[in-house]
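Using the hints provided, position chain B relative to the given structure of chain A.
Residue-level listing of the chains:
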Amino acid sequence: MKFLLLMLGLCLCSQAQPRTPILVELFTAEGCGACPPADELITAIDQIQPIPTANLIVLSEHVTYWDTSSRDRFASTALTNRQLGYAKLLKIEGVYTPQLIIDGQYECTGGNGPEAKRLILEALKQPKPQMEITANRINGKIKTNVSFFGLSGATVLVAIAENLAETKVSKGENAGKTLKHTAVVRALHTIGTAEGLRFDTTVDLPMPPIVDNFRVVAFVQDSKTGRILAVAQSKL
Amino acid sequence: MRLSLIFAATLYAFAPNLNPIAWSLRVEPTHFKLHASIAQDYKLFSPTKSTPGPIPLQIRVLEAAWVKLGKPVATQTGDTLTGETEIAIPYRLRRKLGPDPLTIHIEVRYQSCSDQICLPPTTRTLEAKLLPANPVL
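So the sequences go chain by chain: A and B. If you're matching positions, the first sequence starts at 1 in the working numbering and goes up one per residue. If you're matching positions, the second sequence starts at 1 in the working numbering and goes up one per residue.
Simulated from the structure, these hints should not be mistaken for lab results. Watch out, some of these pointers could steer you wrong.
As the list claims (entries may be wrong) - Just a sample of chain B residues kept apart from chain A, beta carbon distances all over 12 Å, derived:
(1) Leu18
(2) Lys43
(3) Ile55
(4) Val61
(5) Thr75
(6) Gly98
(7) Leu131
Claimed, not checked - Facing chain B, a subset of chain A residues (Cβ under 10 Å, in silico):
(8) Cys32
(9) Pro37
(10) Lys171
The model shown is predicted, which means the values in this text are computed figures rather than measured ones. Glycine included, C-beta positions come from ideal geometry on N, C-alpha and C.
For reference, chain A alone in the conformation it holds in the complex (with noise of 0.2 Å):
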């Protein structure tokens, strides 16, 4: 974990200071060689919150490109479809894992600490409306009610992801390991598209294949830049 913080090039500060949420993604598969380090990475933001002015609200998206000797069982084509949506907004050549997006709007491989803190300081310097979140387990759903104010004509997506998972890899670069994943997304929802000047949306989500130990994560995506207006979370 130091050694995770030194990568960071962090200090840790105790200062309260209001901290603007930032949307980190994470992209990887549990079937790539070179992704365990950015989990461990994914888990340490999460976990330290060491940048004292963000709020660094984390997602680990599984894509299914690496399923090829075994099913990585968090990857979906959605997920890697996503992915094939940033690199043609982002206008990247192609697509990889371990790889971080920045609030839609930066990447960098997914191990690259001083580059992800570049990064995510460069986002902040963007301005966020607050976004409110509840969710709650009711009748076997997820009851979410997402709202805030001014941000007009864009995408609002839920995710729901396990807080922390593990796998004892059997097959492929990673066999013999246990790895550990944080905020992994089982799925993901578009909720509605925010018009007018206040977007306040109650929606019954379907409970994923999770007993316990899971979040929920609301964000509002402009789907022609793929940048990322507001994001907020609960945790259950």
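What follows is chain B alone, placed relative to chain A:
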């Protein structure tokens, strides 16, 4: 400590190379010689890779009605290939060529990784001309 920080920052200062392998193909009387120029720090998974995981280099000829490929042999041994490497692919013609050269296409499909990133399966198609003098099955 300071040196470690500088090293960590410098190590990752470059954008990832998403096209780390340059391919070329030449025809010899009994073999195709496939040359891979693999960027520094990257590895390609060998066609003879025995362990499960990323796909090994797969080679096929699109004009299978004309050409039969044998088992590829890389100049490097082991599950991964690095640097400059050559893969020999024996071939036989299935039928006699006419007076004109036959253009054939060799398709390679592969995955590659560096210490920092891994790339999804990639397909490239290489072209070569077979002359009437080449051997017939």
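Hints, one by one, checked against the model:
A Cβ of chain A approaches the Cβ of B:Leu18 within 12 Å, the least distance being about 4 Å, so the stated non-interface status is violated. For B:Lys43, the non-interface assignment is contradicted: its Cβ lies about 9 Å from the closest Cβ of chain A, within the 12 Å cut-off. The Cβ of B:Ile55 does not lie farther than 12 Å from every Cβ of chain A; its closest approach is about 5 Å, which violates its non-interface assignment. Its beta-carbon lying about 23 Å from the closest one in chain A, B:Val61 satisfies the requirement of being farther than 12 Å from that chain.
Non-interface status of B:Thr75 relative to chain A is upheld: no Cβ of that chain comes within 12 Å, the nearest being about 23 Å off. Once the 12 Å rule is applied to beta carbons, B:Gly98 is consistent with being away from chain A; the minimum gap is 40 Å. Listed as a non-interface residue, B:Leu131 keeps its Cβ farther than 12 Å from every Cβ of chain A; the least gap is roughly 36 Å. About 4 Å separates the beta-carbon of A:Cys32 from the nearest beta-carbon of chain B, less than 10 Å, and the hint is met.
Look at A:Pro37: its Cβ gets to within about 9 Å of chain B, closer than 10 Å, so that hint holds up. Contact between A:Lys171 and chain B, as hinted, is supported at the beta carbon level, the nearest pair being about 4 Å apart and thus within 10 Å.
Going down the numbered hints, you'll see the structure goes against 1, 2 and 3, while the others check out.
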